[in-house]
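J.: Sequence:
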Amino acid sequence: MAQASARHLLVDTEEKCNELKKQIEEGADFGAIAQQHSSCPSKAQGGDLGSFGPGQMVPEFDKVVFSAPVNTVQGPVKTQFGYHLLEVTSRTD
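End of the sequence shown = 93 in the UniProt record's numbering, gap-free, step of one.
These are calculated hints, taken from the structure and not from any lab test.
Small disclaimer: the values here were computed from a predicted structure and weren't measured.
Mixed in with the good hints, there may be bad ones.
[As the list claims (entries may be wrong)] Straight line, CA to CA, 25 Å or less: simulated PhoX-like cross-link-like pairs of lysine-lysine:
id	residue 1	residue 2
1	Lys22	Lys63
2	Lys63	Lys43
3	Lys21	Lys78
4	Lys78	Lys22
5	Lys43	Lys22
6	Lys78	Lys43
[To be verified] Listed next, with one range per pair, are the computed distances between beta-carbon atoms:
id	residue 1	residue 2	range
7	Gln23	Met1	32 to 42 Å
8	Thr79	Glu19	17 to 27 Å
9	Ala32	Val70	30 to 40 Å
10	Thr13	Thr92	13 to 23 Å
Here a beta-carbon is modelled for each residue, glycine too, at the ideal position from N, C-alpha and C.
Starting from the given sequences, assemble the full structure and let the hints guide the process.
T.: Next comes the structure, spelled out in structure tokens:
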């Protein structure tokens with residue numbers, strides 16, 4: 001069964017999400033940005049969600065995690081919780 005490890009950050013607006021994505025693309029550390037700005041409890045671990053399988057996250061999140069290239073920042077991804085930036089840190093098929 002496929003497994004992925006990912007980290008993410010969660011914010012209230014698409015604008016904020018895009019602003020943070022730009023900072024990360026310009027060299028800011030994803031984990032540090034997540035700790036400073038994310039509203040998810042995972043921010044304490046720099047947004048690290050650990051390892052999980054398909055169907056364990058909301059569908060919008062799952063779709064990106066199990067299709068996006070590893071080690072690239074994806075988003076904004078809108079879910080019922082808000083807007084996410086996410087990065088798949090590893091994945092096995």
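J.: Sort out which numbered hints this structure fails and list those numbers smallest first.
T.: Result: hints 9, 10 break, sorted rising.
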